[in-house]
Amino acid sequence: MATGSDIQDVSMEEQLERKRRPLDTFIVGSLFIAGAISIAITLGILWELGSESLLFFTDEVVSIGSFFTSTEWSPQAGSFGIWPLILGTLLITFIALLVAVPVGLSAAIYLSEYASARVRNFFKPVLEILVGIPTVVFGFFALTFMTPLLRSIFGSTVGFFNVLSAGMVVGLLIVPLISSLAEDAMAAVPNSLRQASYGLGASRLETSLRVVVPAALSGIAAGIVVAMSRAVGETMVVTLAAGASPRNFSLGEDSLFGYILSPFEGAQTMTGYIAITASGDISYDTIDYNSIFAIGLTLFLMTLGLNSLSRRIVKRFRQEYE
Amino acid sequence: MTTTAPEKQTRDYFPTEDEYQKLLGRRTRFGHTVRLTLLLMLTIAVVGLGILLYTIIDDSFGLVAVINENEPEDILAAYGYDPATTTLNDLNKEQLVEVLAGSVSSGVGRRLERDQRFFEDRLVFETQEKWDEVCASDDPPAGCDGGVRSKGNVVDLVQERVIRPDIVAASGLTGSILNPDRFKEKVQQDFVDNPDNYEPFTYEDVRYTWRAWFSWKFITSPASDRPEIAGVRTAVLGSIWLVIITVLFAVPVGVGAAIYLEEFARPNRINDLIQTNINNLAGVPSIIYGMLGLAVLVRILEPITSGSLFGEGAPNGRTILSAGLTLGLLTLPVVIISSQEAIRAVPNSLRQAGMGLGATKWQTVRSQVLPVAIPGILTGTILAVARAIGETAPLILVGAAGFITVSPSGPFSQFTALPIQIFQWTSLPQEEWRHLAAAASLVLLVLLLTLNAAAVLLRNRYSRRLT
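Chains as they are written, first to last, in the numbering used here: chain A, 1 to 322; chain B, 1 to 467.
In case anyone wonders, no lab produced these hints; they're calculated from the structure.
Watch out, some of these pointers could steer you wrong.
What the hints assert, rightly or not - A few chain A residues facing chain B, derived, Cβ under 7 Å:
(1) 44
(2) 107
(3) 236
Each residue gets a CB set at the ideal place from its N, CA and C atoms; glycine is no exception.
Build out the structure end to end from the sequences listed, making use of the hints.
Next comes the structure, spelled out in structure tokens:
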């Protein structure tokens, strides 16, 4: 028990000194470590992608030059050119954006500028449910609904595995992403701008398209770029619906729209290659094992580039109001 | 222009009444058209979702064409019952076991009995001496525990082992209701076109029955290579194990990191780096986390993740522990970001009050900030976990094994998970598997919907309390 005399015994300086609390120090230390684990994850990703890719590029059958220039990817035949896989990824991303940008933007404009509270309360949960559905279910949907539908419309020119079906379903998957990011951007536009526009006699449409959308353009563009990065990294839909054979091509010989960019044929993507190669019982330190890390590194850099691009857009073009 | 006449200026800048009405009409019509177009686009998203759900439900139920290796009527007649008045379900357990024993080989029978006994007081396939010997061994079979098969279980066994139904074709729900004859014609046509596929059976052997692919039995049956009896128990249990490990890793670490960043971190370079890094990690594709799991958890940390360090023996690191931790790494940034938002939403007055009473920073956080932030943290965590349950790509990378019928028994078991099961069934060409994939998707969606509903309820309760 502390009595008055106890306190007297302690010198003034000691009383004023900051009390040491080992428990608090320990807890804050642990919390810092929890935060620092995220750095360890990033370092782990970089290290593992880098070191395995290095093994891949130093393999005698692989040359780093042909990896970035060759348009043939046939691991069995020893040709490792990444372009067919990038082509597949870009084709599907392009088709997905073709679907998702008009739908997502319209949804955002309608919900933010037109819809009454009741209409919003109906549509918002629908979009939220769409976000929550696992991508493998979208893959099932692509294969059992979208592909047969396309084949009944366009006939047998549409392959059983084709990038159109995969791209459209990936598009449906990223609609909520675009619409929610664009809606956030438009909600951040101050009401005074809208009121000024109405005051000048503009209609609701003119206000939305000529005042609100331009004012929110940076946020909208950033959202589209994020959605694009999501489409590039999407795995299950493309693995199931776009097939497992890379679209090897030769720029001089193959027709550009008949084959190279044809939406009706299958094309393996970067993510599809990684998933299919790893789903077998893959043995370590083989050329196949190392190759998925080289592809993974390319994929990682692509998505990282897109994500930082979107942040740059927001930072650079953000308009500060009030 | 100053030189222009005033009347001319009026004509240039102000339309006449007629022109004005026309322009106004055009503007209004254009506005209406665009508004309708926007609504139409929004409807496309809703219709997309609707068709997706419809496809899954449509494939989860419907008519199937079955060929029984032995017709139930023949079996009943062979054992002296009247097929016109009796069905298999009318027999009692003794009679059913008799039917079963008359049809399966003694080896199969012994295996069934070792899995679970038929009767408490007597053995059907085993001799008492052999039974005692097996049960006294180091690795006694499950049947030694003394549990007894129920009558329903024996009916299932008779179905599976004696009648041996084989589904030759299946139809969706709408097709089965609206146009069952078309389905039957299609099956009949296929018998005419490819009779070799069905040898030695003919179209006369086909029976049509309704089948709910999505049923309680489907959820509780283990995986199988026969679509007639395959279920998702193994996969559901695998998913549950994964969630447990994911939560055990991601929640303490994620909430800890969020507390640090919101309450303790001074704005210096390291802390800025951590924050930027977390935002970047949230955008990394899930398959990259799978590769991290494969290279680090499965391969380098194999002694730990396979359990060999602790004397448990999985043959390699492709275990529940590896996969759960991979999903944990994947969910971590999401948990951190949503927890940060919840902590940020706690009013500053609470912190000031705590500090003003002389509490230390940690005491304030623990007893003032966290209790208020916990519902928000929980909501974010549930949503993050819901996302983790549906992740497929990282699990493929860390090697969720292809065909597993044994339920996982601990963190060092090999496993399969619901999304992996859906992926595998979807990639198989035969139609029956597609219906199983639909039913498994339905199980997954129901699970996720429950979690999401829990999150919404929590959020609503929380927001009510604050206002």
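Here is what the structure says about each hint:
{"no.": "1", "hint": "44", "in the structure": "6 Å, holds"}
{"no.": "2", "hint": "107", "in the structure": "4 Å, holds"}
{"no.": "3", "hint": "236", "in the structure": "5 Å, holds"}
The structure agrees with every numbered hint stated previously.
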